[in-house]
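Undergrad: These are the residues of each chain, in order.
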Amino acid sequence: MRRSISIIILLLVCCFCLALRIGQSLDNSSQAKAREGNLMELLLGDSRRLIGDYLFTKADVYFHSGFYVSQFEHPEHQEGSGHMAGETEEEHGEHEHETEASKPRDWVEAFGRKFYPSTHTHLDEGGPGKNAEDVGEILPWLKMSAELDPTRIETYTVAAYWLGLRLHKPKEAEQFLREGLRANPGNPSILFELSRLAINNDKDVVRGRNLLELALRRWNEQEATKKEPNTFLLEEIYAHLAEVEVATGDYTKAIQHFTELKKLSPHPEMIEKQILELQQKQKT
Amino acid sequence: MITRIKAIAGITIKELYRRKDFYVLFIFTVLIALVFASMNFFHDDRIVRYLKEITLLLIWIASLAIAISTSARPMPAEKESRTIFPLLAKPITRSEFILGKFFGVWFACGIALLVFYGFLAVLTGTREHTWELLNYFQAASLHWAMLGIVIAFVLFGSLIFAAPSSNGTISFILTAGILLLARHLNSVALTLPEPSRSIIYALYYLVPHLEFFDVRDLLVHNWPLIAWSVWGMALVYAVFYASIFLISASLCFRRKALI
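Chains as they are written, first to last, in the numbering used here: chain L, 1 to 284; chain E, 1 to 259.
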């Protein structure tokens, strides 16, 4: 009996020593790994990006109240984040509405459509419940998507758009954008969204202009060298900079920004008209 | 006949509520749902749809696990413990025996669903401050009807497959496959050359479309009620398929040697 107890105690002591040893080595390796990424990255590896993408798509499905175009039906017409990202109908195109109007091919399909959402609606317009406030339902998926894939910029900008401009939660929007900025230092898209919040919600034009100028510098550093740079973002930065300068009365700078915008815009004649108007104002 | 079926069903229900499967799965579902319910997204307390979706997914997985595991086991267990012989020695036909087993498992699943959906209604109702009881009733009843088809199929499988484990695995894969893919078989068929196109299209019409009974998206996104006539037709569809599997099981059991 005594012998067995001694063996058990010895084994417990061995376990304790081993646990200390393993604990220390695990701690060392986790400290080393922490430099490379967080716990989620360690656990899931690159698959977290796939899950992040899936959750972002889920947010889009929620924006359409469960209506989505199946991969089997129209692989070329997969839902983008267009509507969810605040695009207009013209920008988004007409393909989704085509798929909505498609006739069921047989009675099984026709009957089956009664058991899942088969009508195209938007949550910001109220969705099936006719309550525009329901658009907040997309946010959990965006938050979870950002946690899994912090490098996906669209997640932060889309969430900030709805939080700041539609749900009147500018503080939360700014906090989320700053999280995105920490994960993606100096990203021009996030800086641009921060500037929009500063101008529209805080009415802080000076901070907004500083952020826009920073976004422009970062765009030149990060995007200009790319094969296909995001010129739409550059257009938006110039357009907002010009608007800010007009609002503060600095027409010379505004004309400079409009001139840059004219080179990028699909409607240069409209920009030219605005430049002429500003030049007129300058003279008077 | 009804008395005999009721007696066997009663025994089956008693057997099932003595088992721990349901309790474990229910506690597991409640815990996960409560963890998700405690999450706060951007200080907005009205956000609830993600919670409905996750809880409903857990309910579907749990209910399928309960239905398949409980309906795959009784027949082989009765044979193994040899309790089937005194049962069949009584004035009871083999078809009545199958029907008794079916109704026993199906009613037990119905009780489990009642508890699951009751929990879901309370969890989401306290957050949404609306009680859409008719929507929950439609969703739960269609879910229960779908389980009827699955249970009938698994009972039929338990007479064909050698072990309950193989029957359970095959049934689970087939059910999941039908739920995920059956709706799209016609689209897939159209992209294929003949004769694959005709074979896939025939399969599309033959398989029981379990996805008809999956109205989770409508419930999650607060869509209006399904027309009651459509709901009724779905139930008739379920009765039709469950009957096919039960008749097949009866025919198979009648010709099967028990020793």
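Be careful, since some hints might not be right.
Footprint (simulated), chain E over chain L, 3 or more residues, beta carbon under 8 Å [as the list claims (entries may be wrong)]:
1) 60-69
2) 113-124
3) 140-152
4) 179-190
5) 218-224
The following label-pair restraints were derived from C-beta to C-beta distances [said to hold, decoys possible]:
6) F16(L) x S81(E): 24 to 32 Å
7) K6(E) x T119(L): 40 to 48 Å
8) P224(E) x A110(L): 15 to 23 Å
9) S70(L) x A65(E): 20 to 28 Å
10) E223(L) x L235(E): 37 to 45 Å
11) A65(E) x L43(L): 23 to 31 Å
A few chain E residues facing chain L, derived, Cβ under 7 Å [claimed, not checked]:
12) S38
13) F42
14) D44
15) F85
16) L87
17) L88
18) K90
19) R94
20) S95
21) F212
22) D217
23) H221
24) W231
FYI, nobody ran anything at the bench for these hints, they're computed from the structure. None of these values were measured; they are calculated from a predicted model. Idealized CB from N, CA, C, for every residue including glycine.
Undergrad: None of the hints should be skipped; say for each whether it holds.
TA: So, going through the hints one by one against the coordinates:
no. : hint                          : in the structure
1   : 60-69                         : holds (count 3)
2   : 113-124                       : holds (count 4)
3   : 140-152                       : holds (count 3)
4   : 179-190                       : violated (count 0)
5   : 218-224                       : violated (count 0)
6   : F16(L) x S81(E): 24 to 32 Å   : violated, 47 Å
7   : K6(E) x T119(L): 40 to 48 Å   : holds, 45 Å
8   : P224(E) x A110(L): 15 to 23 Å : holds, 19 Å
9   : S70(L) x A65(E): 20 to 28 Å   : holds, 27 Å
10  : E223(L) x L235(E): 37 to 45 Å : violated, 58 Å
11  : A65(E) x L43(L): 23 to 31 Å   : holds, 25 Å
12  : S38                           : violated, 13 Å
13  : F42                           : holds, 4 Å
14  : D44                           : holds, 5 Å
15  : F85                           : violated, 44 Å
16  : L87                           : violated, 39 Å
17  : L88                           : violated, 40 Å
18  : K90                           : violated, 43 Å
19  : R94                           : violated, 34 Å
20  : S95                           : violated, 30 Å
21  : F212                          : holds, 5 Å
22  : D217                          : holds, 4 Å
23  : H221                          : holds, 4 Å
24  : W231                          : violated, 9 Å
Hint violations for this structure: numbers 4, 5, 6, 10, 12, 15, 16, 17, 18, 19, 20, 24, all remaining hints satisfied.
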